[in-house]
Each structure stands twice: as C-alpha cells, then as structure tokens.
Amino acid sequence: MRVQTKRALPVVAVAGVAIPSVSLAEWTINMSPGVTESSNQIFDLHMTILGICVAIGVVVFGVMFWSIIAHRKSRGHKPANFHENTVVEILWTIIPFAILVAMAIPATATLIDMYDASDAGVDIKVTGYQWRWQYEYVDEEFSFFSNLTTPTDQIQNRQAKDKNYLLEVDNPVKVPVGEKVRFLLTSNDVIHSWWVPALGVKKDAIPGFINEAWARIDEPGIYRGQCTELCGKGHGFMPIVVEAVPQEEYQTWVADQRAAAERERELTQKDWTRDELMERGESVYNTVCAACHQPDGSGSPPAFPALRGSAIATGDINAHTDIVVNGVSGTAMQAFGEQLSEVELAAVITYERNAWGNDTGDMVSPKEIMEYMSE
Amino acid sequence: MSAVADTHSQEHHHGPASGITRWLFTTNHKDIGTMYLIFSFTMFLLGGSMAMVIRAELFQPGLQIVQPEFFNQMTTMHGLIMVFGAVMPAFVGLANWMLPLMIGAPDMALPRMNNWSFWLLPCAFLILVSTLFMQGGAPNFGWTFYAPLSTTYGPPSTTFFIFAVHIMGISSIMGAINVIATILNLRAPGMTLMKMPLFVWTWLITAFLLIAVMPVLAGVVTMMLMDIHFGTSFFDASGGGDPVLFQHVFWFFGHPEVYIMILPAFGAISHIVSAFSRKPLFGYASMVYAVGAIALLSFVVWAHHMFTVGVPLTGQLFFMYATMLIAVPTGVKVFNWVATMFRGSLTFEAPMLFAVAFIVLFTIGGFSGLMLAIAPADFQYHDTYFVVAHFHYVLVPGAIFGIFASAYFWLPKWTGHMYDETLAKTHFWLSFVGMNLAFFPMHFLGLAGMPRRIPDYALQFADFNMVSSIGAFLFGATQILFLFIVVKCVRGGEKAPAKPWEGAEGLEWTVPSPAPYHTFATPPEVK
Chain Y
426 MRVQTKRALP VVAVAGVAIP SVSLAEWTIN MSPGVTESSN QIFDLHMTIL
476 GICVAIGVVV FGVMFWSIIA HRKSRGHKPA NFHENTVVEI LWTIIPFAIL
526 VAMAIPATAT LIDMYDASDA GVDIKVTGYQ WRWQYEYVDE EFSFFSNLTT
576 PTDQIQNRQA KDKNYLLEVD NPVKVPVGEK VRFLLTSNDV IHSWWVPALG
626 VKKDAIPGFI NEAWARIDEP GIYRGQCTEL CGKGHGFMPI VVEAVPQEEY
676 QTWVADQRAA AERERELTQK DWTRDELMER GESVYNTVCA ACHQPDGSGS
726 PPAFPALRGS AIATGDINAH TDIVVNGVSG TAMQAFGEQL SEVELAAVIT
776 YERNAWGNDT GDMVSPKEIM EYMSE
Chain W
342 MSAVADTHSQ EHHHGPASGI TRWLFTTNHK DIGTMYLIFS FTMFLLGGSM
392 AMVIRAELFQ PGLQIVQPEF FNQMTTMHGL IMVFGAVMPA FVGLANWMLP
442 LMIGAPDMAL PRMNNWSFWL LPCAFLILVS TLFMQGGAPN FGWTFYAPLS
492 TTYGPPSTTF FIFAVHIMGI SSIMGAINVI ATILNLRAPG MTLMKMPLFV
542 WTWLITAFLL IAVMPVLAGV VTMMLMDIHF GTSFFDASGG GDPVLFQHVF
592 WFFGHPEVYI MILPAFGAIS HIVSAFSRKP LFGYASMVYA VGAIALLSFV
642 VWAHHMFTVG VPLTGQLFFM YATMLIAVPT GVKVFNWVAT MFRGSLTFEA
692 PMLFAVAFIV LFTIGGFSGL MLAIAPADFQ YHDTYFVVAH FHYVLVPGAI
742 FGIFASAYFW LPKWTGHMYD ETLAKTHFWL SFVGMNLAFF PMHFLGLAGM
792 PRRIPDYALQ FADFNMVSSI GAFLFGATQI LFLFIVVKCV RGGEKAPAKP
842 WEGAEGLEWT VPSPAPYHTF ATPPEVK
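Protein sequences appear in the order of chains Y and W.
Under my numbering, the first sequence is numbered contiguously, ending at residue 800.
Under my numbering, the second sequence is numbered contiguously, ending at residue 868.
Bound-form chain W, shown alone (with noise of 0.2 Å):
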C-alpha cells in the first residue's frame, strides 16, 4: 500500500471556513462524521437519562417517581432515540470518517447530499424531542408503535413522531445511498472487492438493508397516517383492516433494523482484534460471506417477533426455522474472532477491552437470541425482561460496545493525539461491570415472569430489579467520563504517530494523524 500523496500542499488552499458557517455548509466527510458523531454523543446521554429516569422508577416497587403515563413516554422515547438517534447516526459518522480513508477515496462520492442528510437529522430529532412538551405528552406506546395503541388510542402528538421518523427516514436512505456510491466508485485503484476491509464490507451491505427497508418504515407510519387523520382502517378490524398487519410491515423493517445496528460493529470488531493480536483476520472470505448471510436471512425471519400474535402452525415453524439458522453465520463470526485471537500476541488497549468484551457478551446476546427462536420457549420468554435483557446484550455492549472501541481505535487519527489509556481502560471497566449488573439480572427478572414496560411490579421481583437500577447508574454515570476522555484527547496529549497501533493495517494508517483535511487527493496504489 503506498503512502499518502501530496496532502500538505492541499492543506494551503483548502483548509476548512471559518465559524459557523463551516459546519452548516461543509462538505467534507470529517467535518460530517465529526458532527455525526457528536450528534450521536449527546442523543446517547439524552435516551441515557431517560432509561436513568426508568431504572429510577423500577428501583423499587410502587410508584415513587413517575407516573404511568410518563413511564410510558420515558420507555418509548429511550428506545427511539437510542435506535435512531444514538446507535445509527454513530455508524454513519463512523462510516463518513472512515470509508473515504479506509479505501483511499478523497471524500464520499455525494458530498452535498451528505451535508443535507445529516442536517435533517438535528430537524427531526428536534420535532421528535418536542412532543415531550405537547399537550397529551409524547408516544408512549413502546418503540414498536403497535397499532391500534399507537393510531386510534395514540397521544395527538403521534404526527409529529410519524414525521420526524419519515425524516429521520430520508437522512438514512441519503446517507446509505452515498456509502454505496462511495464503496462502489472510489475505491483506490488496485482494491478490489474482495480486498476492502471488513469495515467497508459490513457497511455495504448494511446500506442495501437501509435502503431495503427504511421505505418500507416509512410505509408502514405513513399508513398509521392515514388511520390517524384520513379514514382509511389499515389496522382497524372495524373497517376491514388488520393490527396484526402493521406487526408484519413493521418488523420487515425492524428485523433488518437490528442488523443494521450491528453489522458496521462487525466490521470494526474484526479490524480491532487483528490489529491487537498482530495476526491477520483468521476467516476474511468466511467472514465477508457470513455477514452477507445474516443479511440475507434477516429478510425472512421477521415474525420471530410475533410468535405470540396467532401465526398459523406452518408460519410459526418457518419463521422458527429460519431464525435458528442465523445462529450459523453468527457463529462462523465469533469462530473467527476466536480464532484470530489465538495464538496471536495479544495487547488490551482499550479499543481491544471493549472489543473482547463485545464478543463475549454478544455471544451471550446470540444465546438468548436462539433460546428466543425456539418458539414454543418463546412462549415464556416473549414480552418479559428476558426479551429487554437479551436486546440490551446485543445493543450495549454490542453495538454501544462497539461503536467505544472503533472511537478509542481511531481517536488518535482524528485528533492527532493520544488517549489517556488509564482513564479509558477505567471508564471500559465501569461500563462493563455497570453494564451486566444492570442487564443480566433482567434475564432472571424475565424468567421468573415479570412483564417489560411496566412502570411497577410485584414485589418477588424487587431485589433484582435493585440490582439493575444500581448498575444501570453506574453504567449511565460512567459515560460523562467518556466525554472528558474525548474532549481531553481533543484538547491536548501525546502526539499520534500516522500509525499508532503496532498491529494495525489499512489505508487510513498512511495518512498522517490527524488526518489532513483532504486526503487521498491522488488515489494511492493497492497491491
């Protein structure tokens, strides 16, 4: 791989606009992944302190804190923003950083549309995050949104949240769109496919299942529309309609959603524990294969959410099936992180602490994930803290996870400092131990038979419940030290050489750290 060309006399010329107006206006894909992720960052803290409201809340039983009402509305907003707001917009700045510089291309292929599809998302959010304040409150029928709650019993506010997620719908479609432009035309000479790193692979893919199913979200809200203010009955059995068919609309889109969420962690994953046991991914064909499989079968096993709904016999034993099978490309993953690690020389900075953490309680996440498929099990399983727990193990220390050790890893490329590693190994083992204190203890709360977005419960589940609480403070507090790593980096450190990790490869190590302005303004050469 040869070595970045001509970047310093870029520099003079194009440097970045002053004020304001650089941010609004930018084009340049750093300036966008800084600003998606920030965006990201603050919606983390914000969907944070609402779960920080409702693990208050289940702290003990009885009501102490909120009421039902608000419960609700706490439950339904984290969740929304949590998904939309928090995990998506950080894969995206992920990907706005990293793509252009990972395949050596200058910037993202659709500069402008970049700018507007992150702008939108501010705008959307802001329409979001103001129902709170409306009269009848904001959703509070679960992130899910299931009809009829969320169409005739819904708060009048449900326009508002049907518009902001047709936004926040755009912004992903533009944004997917502009990944696969860039994947497929920038790459530097000499890349071929099956040369790109995983990074690049995972987030491919994951844009064709952004743009397979965000129309179809918006499908399925805009429908809810129609019930809401124009007549129609598309999930009302008095008109001809069907609530269960806004089940089958939404989770085509929110099956495909949750790899969404947790693909582009795969890729970075893979590059992290590579470049920390100084040994070459063990399976990068398999793998490359593995994630086009999981995507593939997330299309088919949507109604593993609606085992519980009535599905006729032969439906509950496809979709049980099928569900099953993904257990195998998930496996080849964990086989081949497994085997990476092995016999290599290993190192636990902490971008390989939270990525060794991400595989083992992935893992974990994957285990109940297959006890869920088995649906006669899930029969018990559904709707209880088992079904929070199990989404918690593959959100938080996967995609949450996930999305902490890619920052540490390339934090030094984009400020041109080190971390502090001492605050940064601290802050993964409070995150770690906050986060299974607070997450495992739902699975014991879920097999014993307490109900998931209750704002109270009976009194054999309040020790758990404790428990939870307590570890999900520490979780939430220990987060604001994370900002502090952030800003301290930004502000000031060592100096990063080009190539900070022994064990790294990619393009973006050639670059210089941080990473000029332009880069790649001449394609580097791939052997």
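Here chain Y stands alone, though its shape is the one from the complex (with noise of 0.2 Å):
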C-alpha cells in the first residue's frame, strides 16, 4: 500500500479501481506533435516524410498493380519487348535525388535547433542506474532517484492494473514551464536512454560521459517516457515522469526539495534506533535492492545472490558494509556509497541482517557509516 499512497498525481484519480486493461487500450496510429517546439518541428518533419513516401507508393505501386491486373497472360496480354531507356533512368534518378534535397533542407534546420542547448534556465543531471533514474538539480543542492511505482502484484497479474501501468514513479522530475530546461545525462553503470516523447527528447546516458538535451514546455502537464535503450531485466521497468508545473509552483518545490535535503544530511547526526533503522530500511530496500535481490531476499542466483541467510548478510558486519558501499567489481552489485545517503546506507544493512529470519541483532549507524566512509 505504500506505493499506492505515494501516487499522488492528480492523472491518477482512478487509482485502485480494477479496470479491465483492454478497455484502456487505445488504437493510436501515429505519433503525437508533443508539448515543445522541437517535438512539433520532429512531427512536422515526420508528416511531411511520410507523405512524401505515401505519394511515392501509390505511383510506384500503381504502375505495378496496373500491370499485374492489365498484363496477365490469363488475359492474352502479350509480353513487350523494351528494355533500357537512358532518359527515363536518368529521370528516376534525379527526381528521388530532388525529392531528398527538399526533405534534407527541413530536417537540417530542425537538426540545428535542437544542438543548440545553450542558455538554459535549468540544469538537470540525469544519471541512468539499473532500474532507475537519478535526478540532479545541478544549481539547487539537492538530488533524488525516481523509481517505478507499479506494485509487482500488477506486474504479475494478481492485481488490476492502474491506468498508468509501468509508466509511474515516486519522484517525478519538476521542470518550470516556459523555461528552457538542460539535461545533462550519464549512467552509472550500463547505457540507458532518457526519452520523453511529448518533449521530442532522446538521448543516450553514457558511462563516463556526458550527454546534453534540452527542452521548454509550453503547457503544464505530466509527460511520461521510458527508457529506450536495452539496459538489463530491468529495462521495461524504469519510466520517465516528468511534471512541468507554473514558475512560481517550481519555485516553492525547489526551496522544499532544498529544505528536505538539508534535513536528510542533520539525520545522519541523530542516534537511530534499531527499530527506526529497519522501518527507513525496508523501504530503501524495496526501491533499491529489492529489483535484484527480490523482496523477501531471496535473489536470483547465480547472478543476485540470495541475502536471507547469507554467509555475507548474517556474517562480518564490516565486510557487508563493505560490499554495499563498494560494490564488488565485475558483477552487477553496484557501489551504492555514491547513491546513498549514510542513513539510508546504515538503515539498508541493518534491515538486510535482520529482516527474513537473518536475526543477527546487529544495527550499524549512519555515524558509524559516515566513519567507514571517510576512512
């Protein structure tokens, strides 16, 4: 029920009402022009392009299905004899190549403008992780993950599924309106691809480099995309929200968002305790580790290890922090110290050495981890 409680976008009104999934089905044939600039330019282009081959096909289709109805022999029709006329080649040469020119002209221009991310109201740094996004306000201090919140009873069909199957998450990323807004995109581990198609932008988010997009929206609203390029059994499972919300509205998220981060960093100075730790922990889990090692722990061996009753999580305390912090080179175990914070780090491990039957008593604090950290 937590994800559902944390559905708070307003689209979503209908949320828990079991709909039959066919019934929301849509025959959409085409693409739609999208709430930017570009993206109305990329369906103008589109549009023309198309129509330009559909009229290529009905002549060139039409000359063959004339023949083919007109020049059977079942009819009588005896075969002509002609064979290779330099001018008609020629001309069926130059005309496409004309045809490509006008269509080149169009599509250079709008090429152009989208490479010009200069000026940019708004910096954000998108970061690709296997299975989800990190958002980073690059001039605000402050930084979050957005991962899918579809329960996986949806997933696997126990339950009806929402309107918004698979194209939800707990943090959508806020962007002004009317504001040019930059993305500046990486991954941490393998290539993803960050795709919004309302905004006309895809990009691929690279490890060790940077790639950059930008858009302005024109009208507030909820865009929802999804990662487009193949990136692990994760991949169907990591979506796009972005919210493009009034200037002033950004304004206050932003300084609450600020507010927030300041107070998760006083958390790491406060004494948890074991209770505490595993409540915050069970959630960390769930949204970070769980797409591996499963919910209840039980992994998928041999790539994620099972944790409940685990040689690691219910042996050395400090060779198990050591794994989560460091990650371990040449599997999919990620170095978390870099996406976590020590609260989250000491309340995830606790949770993992307690949780299933582990029952080891042990409790590690953000103190403690922020000591192992600057070691």
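Fair warning: there could be bad hints in the mix.
To be verified - Result set (SDA-like, lysine to any residue): computed pairs, CA atoms no more than 25 Å apart in a straight line:
#  : chain 1 : residue 1 : chain 2 : residue 2
1  : W       : K868      : Y       : H508
2  : W       : K766      : W       : K868
3  : W       : K868      : Y       : N510
4  : W       : K536      : Y       : A505
5  : Y       : K498      : Y       : V484
6  : Y       : K498      : W       : K836
7  : W       : K868      : Y       : N506
8  : Y       : K605      : W       : G651
9  : Y       : K550      : Y       : G646
10 : W       : K766      : Y       : G501
11 : Y       : K498      : Y       : V512
12 : W       : K840      : Y       : R497
13 : W       : K536      : W       : G651
14 : W       : K536      : Y       : V512
15 : Y       : K599      : Y       : V713
16 : W       : K840      : Y       : A505
17 : W       : K829      : W       : T819
18 : Y       : K498      : W       : F689
19 : W       : K766      : Y       : I494
20 : W       : K536      : Y       : G501
21 : W       : K836      : W       : P357
22 : Y       : K605      : Y       : R683
Since the hints were derived computationally from the structure, they do not count as laboratory data.
Note that the coordinates shown come from a computational prediction; the quantities given were computed from them, not determined experimentally.
Mind docking these for me? Both chains are given alone in their own frames, and the hints should help you get the complex.
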C-alpha cells in the first residue's frame, strides 16, 4: 500500500479502481505532436516525410498493380520487349535525388536547433542506474531517485492494472513551464536512454560521458516516457515522469527540496534506534535492492545471490558494509556509497541483517557509516 | 547458350558416396548447398520458435510466460540465430547450388574449403545454443551486444558467444572467398562480367562486403574478450575506453551486414520477375551499378544507428545525408522491377507471388528506412517498435521472401519434381497475411511510444500487441507447411522439365532436372 499512497499525481484519480486492461487500450496509430517546439518540428518533419513516401508509394505501386491486373498472360497479354531507356533511367535517378534534397533542408534546420543547448535556465543532471533514474538539480544542491511504483502484483497479474501501469514513479522530475531546461545525461553502469516523446527528447545516458539535451515545455502537465536502450532485465521497468509546473510552483518545490535535503544531512547526526533503522531500511531495500535480490531476500542466483540466510548478511558486518558501499567489481553489484545517504546505507544494512529471519540483532548507525566512508 | 555436354557419362563413375560420409566429406557444391539450406531452415524454425515465445509474452500486458531475464535471452538469441544462422546460410546455400550452374562451372573453385565452411556452422551454433543451458543463461544483451552491458555486465556465457561468433565469421569469410574465386575464375567462355546473371553479380558484391566487414566483427568481439578476461578497457570509460567506440566498430560491420542479407535477394528477385513477366529485365546495367552504389554507400552510413548517442552536429548531418542517398540506388532497383513487369505477360506462380510481395513490402521497409534516416525524426523513432517494424519489413518480406521465392523457383531444378502449386500458394498467402498482421501494427506501436526489447508494456499498447502476436503465430505456424511442401516435392510429384518456367533465362535451365551430380564438366559456350 506504500506505493498506492505515494501516487499523488492528479491524473491518477482512478488509482486502485480495477479496470480491465483492454478497455483502457487505444488504437493510436500516429506520433503525437508533443508539447515543445522541437517535438512539433519533429512531428511536422515526420508528417512531411510520411506524406512523400505515401505519394511515391501510390505512384510506384499504382503502376505495378496496373501491370498485375492488365498485363496478365491469362488475359492474353503479349509481352513487350522493351528494355533500357536512358532518359527514363536518368529521370528516376534525378527526381528522387531532388526530393531528398527537399527533405534534407528542413531536417537540417531542425537538427541545428535541437543541438543548441545554450542559455538554459535550469540544469538537471540525469543519471541512469539499473533500473531507475537519478535527477540532480545542479544549481540547487539536491537530488533524488525516481523509481517505478507499479506494484509487483500488477506486473505478475495478481492485481488489476492501473491506468499508468509501468509509467508511474515515486518522484517525478519537476521542471518549470516556459523555461529552457537542459538535461545533462550520464549513467552509472550500462548505457540507458532517456526518452520523453512529448518533449521530443531522446538521448543516451552513457557511463563515463555526459550528453546534453534540452526542452522548453509550453504547457503544464505530466509527460511520461521510458528508458529506450536495453539495459538489462529491468529495462522495461524504469519509466520517466516529467511534471511541468508554473514557475512559482516550481520555485516553492525547489525550496522544499532544498530544505528536505538539508534535514536529511542533519539526520546523520541523530541517534537512531534499531527499529527506526529497520523501518527506514525496509523502504530503501524495496526501492533500491529488491529488483535484484527480491523483496523476500531470495535473490535470483547466480547473478543476484540470496541475502536471506547468506554468509554475507549474517557474517562479519564490516565485510557486509564494504560490499554495499563499494560494490563487487566485475558483477552487477554496484557501489551504493555514492548513491545513498549515510542514513539510507545504515538503514538498509541493518535491515538486511535482521529481516527474513536473518535475526543477527546487529545494527550499524549512520555515524558509523560516515566514519567508515571517511576512512 | 549451349546445352550441357557430357553429363551422363560422368554420372556413372562419379556419383555421390553413400551413407553419412557423403555429407561429412562431400566437396560437391550441390550437396553442400543442400546442407546449407537444410541447416538454414532448421535455424529458421529454432529462431522462429524463440520469436513465438517473445510474441506469446507480449500477447498481453503483464508478465505471463517468461521472466524478463529469459525474455532478453530470447530476443538476443532470436536475432543472432535469424541473422547468422537462418538468413546468411540460406543465401550461401543458394550461392553454392546456383552460382556454378549459372556461370557454367563444374563446381565451386575451392571445394574442400567449401566443405569446411559449412561444417564450421553447426559447430558454431551448437556452442551458441548451448549457452541457453549454462549457468547464468544465454547472452541477454540483444543481438547488437552493446558494451558495457555485454562486457562488465554480461553473463558468463558471453565468452562462448564470442567464440561462436568467431567461428561463424571464419565460415562466412571462407564462403565469401570461395564465391569470389568461383565467379572470377570459373565463368564459361564468353561470359563477360556484364553478361553475368544478376544473382551472380549481387553475390559477387556481397562476398566483397563479407570479406570487408566480418573481420571487423571479429575485431569487436575480440576487444570484448580482452575487456572481459584480460583487463583491457576498450569499452570502459573508467579505464580510458569508450562504450561508444563499441557501437562505431559494431555498426561499421552491422550496416554492410544488412546489405549482405538483402543483396543476393535483389539478384534472385530480378531473375524471377523477369521470368514470370516473360520480358527481359528493364535495365540490367543500371541494376548492376545500383547494387555497387548501395554496397559502397553501406560503408559510410553506420552512425545512423547511433543518432542518439551524442554524435556531433556535423557528424550527424553527414550520416543523415549519406543515409538518405541510399534511397536513390534502391529506388532505381524498385523502378526497374516495376518497369520489367510493365507490359509483360504476367503469371503468378509461387515464386512470382513471393517476388511481387518482396517488391511491395521491401519498399515499405525502405520508406520507413528513409524516415529513420531523418535524424531529428529518428530521435522519436529510435529504439522503438517503429525500428522493429522497419527491419522486420526489410528482413522478412525482403530477405526471407526472397529466399522462399528462390526456393520455389529452383526447387524443380534441385529435385526434378514440380512442387505442389496449390500448397505453395497457400503458403504464400498465409505468410503474407501473417507477416503483415505481425509487423505492420508495430509501426503504430513505435509511433505511439513503445520502446523495443521490453518484456512488458503500458496499457495503451495492448491492442496492437495482441494483433501482432496473432499475426506472428499465423506466420510461424505457416512455415511448417513450407517444410511439408519441400519434403513432398523431394519425394515425388510431377516430373520437371529442364526448363520448367516458360520465361526463365540462364545456363541453369540448360541442364536436366534434377541437375546431375556433376554438371558442366565441359564448359558451355556463352555468346
């Protein structure tokens, strides 16, 4: 139910209502124009090229089907014997070439526009992880992860699917309307690709490199997209939700986020009880770890070992911390030291050592993690 | 063109060996061609059954049949098996059977190597398929195996995959060398280059493409092997490498590769359209030049597969323009086929049905290719089902229909019997309907925003996915009928004359049907 309460988006007023999946489906057959100038330009290009292709197709297939119908042997048609005609052959080389030039001109102009990411008002660094997105507001000193919130029960068909099945996240990335927003894209592991069709933005997030893309959204709204580069088993399960809001609302939200980030930093100094850590740890585990190690800690060996009753989660606590903080090189186990706060690290390690009958009774505090990390 | 000379006396003391050794040790181009074709069809069914798993999972939203890990293995293996196991060996099989017959040669130029290039293939695919049973599963990173998903994050079986690709590559390169050696050296007297049948021309050019790019593929998988096992960092930024380098090298192989899979079909279709229109090909010379132009252009367009990786603007523009240019020679080919049919005397036996469908549907795939070439629009199409629709339109009704058309066209020559025309037409129409039902809705899905290679999807994509799955099941099941038709044709049927098709031209129709074990021991004279 945690997931249900977090789904605060207004569009999802129907959340929880059981609707048969097919009744929601649409027979959409074309691209939609989107909500940015770039996406509109792309849409126009798309329609122009499609139109040209259809026109050429009608002419070429028209001639062909005329032959198929009229020039049949069964109708007694005698074959002509013509072949090679230089004029015709030159014409059908030059005319397509001219059409291509005509297509290339608007395409070039659009491309040049799309490549100009200068003078952006907001910079958001987008980092792809297996399998979620992190958004860092570069000038505002806060960042957060954006995880899929569709419950496993819906994916496994044990529960009716909601309207935004697989396209819903806990923390959408918020951007102001009417302002040029620059996205700086990179990845922490494999190549991902950040695509929001309504924005006309698709750019790969490549580990070790930074790509840029930009969008100026004209109207407030919620725009959904998905990862479009195969990135492992969770590739279909790392959606993107962009929430475009008016400038004032955006400023308020930024201020709130900054304050929350500050509070989070202060939490590290607090004295935590084991129960508090367990509670926090469960939520961290379910958003960050459960995709591979499974909600019940059973893992999916050999790539993703079980944590329930494992030697690591019930053995030496320092070795356990080392693996969570630094990862295991050459495997899918990432270094979470950079991704999670001290509180989250302490909570999740404590949780893993006490959940599912591991019952070691251990706990590690955020302060201890901080000391560990500074060593 | 002169008739075949002296084949009957040859038959007595040079028949095929008996038993399994005939097939293991054979150096006969017809035997090897047959083995290639059987192997290819086996792989087609295997890869196809994987496609059935994929379509069954995508029949409805939610995870029903397989989990994402296995789904990714299915998409990967489906792609690899279809490209390297089904389409490429089928064309090599056709080349083995037909090139010597078409140019009046007694056999391929390098018959022992021919045997080896075939027998490497089952070995390579045994290794590749065995990865499905290994711990950690088969390769799961897509047939394009992008690093670092395939290196740092790949399953342990990746090493076996690399080894299998190396073996396939050796096989292809040897096959290509053989084709070039045969065509350049063993043509019948009088057959100048510009008198060669188009299937021979397209295969000659394809063979050069193979020799040029298969070593590049071998290079890229070797770099992967080094990254995985020997501590290099070709594709790892943390060691000074670049994951995008992988894509450049891979697509430098990969783009010519798609023409390797279609050019021989262009050649075969040209013969078939001309034969069943009872009219010479409209522009033989321009067809040859067009294939040459396509082959050359195929080397300078690779980055159109990478428009979203962040290629600089000028690079983006270059690859967009170069890619659009391919439409010109491709257009020339389509116009030529249509002009050949125009005012002919057309009949529609199975080869012609497949050929006409080829022209129409391949052109649709060409149109979507042109749309994909427009870089800004590609940002919306890239890695969606629109791309899946595009390349299945060029590969299924392109390459595969080209192969079916060729098979029906030459089956009488191979077996000495006519195939069952009614069944073959049924095969065509069921394939045609199934294929369009499976792949046309994928255009809509892509434009509506469905990414490719996902095991589960949002609800707005449900309807078309169901339609697509139904079409795929129909297409898949229909291929069993093809097996039945071929077996029936091999076992008996109406006796085929030397030239079963009224309008067919070429030396292959001058030898009896079935073609004797040895043909053209004395070269024919071409005027």
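Hints, one by one, checked against the model:
In summary, the hint linking W/K868 to Y/H508 is supported, as the alpha carbons are separated by about 19 Å, within the 25 Å threshold. Distance restraint check for W/K766 and W/K868: the Cα-Cα separation of roughly 37 Å exceeds the 25 Å cut-off, and the hinted pair is therefore not satisfied. Proposed proximity of W/K868 and Y/N510 is supported: the alpha carbons are some 24 Å apart, at most 25 Å. For a cut-off of 25 Å, the pair hint linking W/K536 to Y/A505 stands: about 22 Å separates their Cα positions.
Taking the CA atoms of Y/K498 and Y/V484, the gap is near 23 Å; set against the 25 Å cutoff, the hint holds. For a cut-off of 25 Å, the pair hint linking Y/K498 to W/K836 stands: about 24 Å separates their Cα positions. Among the hinted pairs, W/K868 with Y/N506 is consistent with the structure: their alpha-carbon atoms are about 20 Å apart, no more than 25 Å. For the given pair, Y/K605 sits about 19 Å from W/G651 by alpha-carbon distance, which is consistent with the 25 Å threshold.
For the proposed pair Y/K550 and Y/G646, the alpha carbon gap of about 21 Å is at most 25 Å, so the pair holds. Note on W/K766 and Y/G501: the hinted pairing holds, with a Cα-Cα distance of about 22 Å set against a maximum of 25 Å. In summary, the hint linking Y/K498 to Y/V512 is not supported, as the alpha carbons are separated by about 29 Å, beyond the 25 Å threshold. Restraint check: the Cα-Cα separation between W/K840 and Y/R497 comes to about 21 Å, which is no more than 25 Å; the hinted pair holds.
A distance of roughly 46 Å separates the Cα atoms of W/K536 and W/G651; the hinted pair therefore is violated under the 25 Å criterion. Our distance criterion of 25 Å between C-alpha atoms is met by W/K536 and Y/V512, whose separation comes to about 23 Å. Between Y/K599 and Y/V713 the CA atoms are separated by roughly 21 Å; this keeps the pair inside 25 Å, and the hint holds. Simply put, W/K840 and Y/A505 have alpha-carbon atoms about 22 Å apart, close enough for the 25 Å limit, and the pair holds.
Between W/K829 and W/T819 the CA atoms are separated by roughly 16 Å; this keeps the pair inside 25 Å, and the hint holds. Note on Y/K498 and W/F689: the hinted pairing holds, with a Cα-Cα distance of about 9 Å set against a maximum of 25 Å. As the CA atoms of W/K766 and Y/I494 are separated by approximately 18 Å, the hinted pair is consistent with the 25 Å bound. The straight-line distance between the Cα atoms of W/K536 and Y/G501 is roughly 31 Å, outside the 25 Å bound, and the hint therefore fails.
For the hint pairing W/K836 with W/P357, the CA-to-CA distance comes to about 22 Å; that is within 25 Å, so the pair holds. Between Y/K605 and Y/R683 the alpha-carbon distance is near 21 Å, which keeps this suggested pair within the 25 Å criterion.
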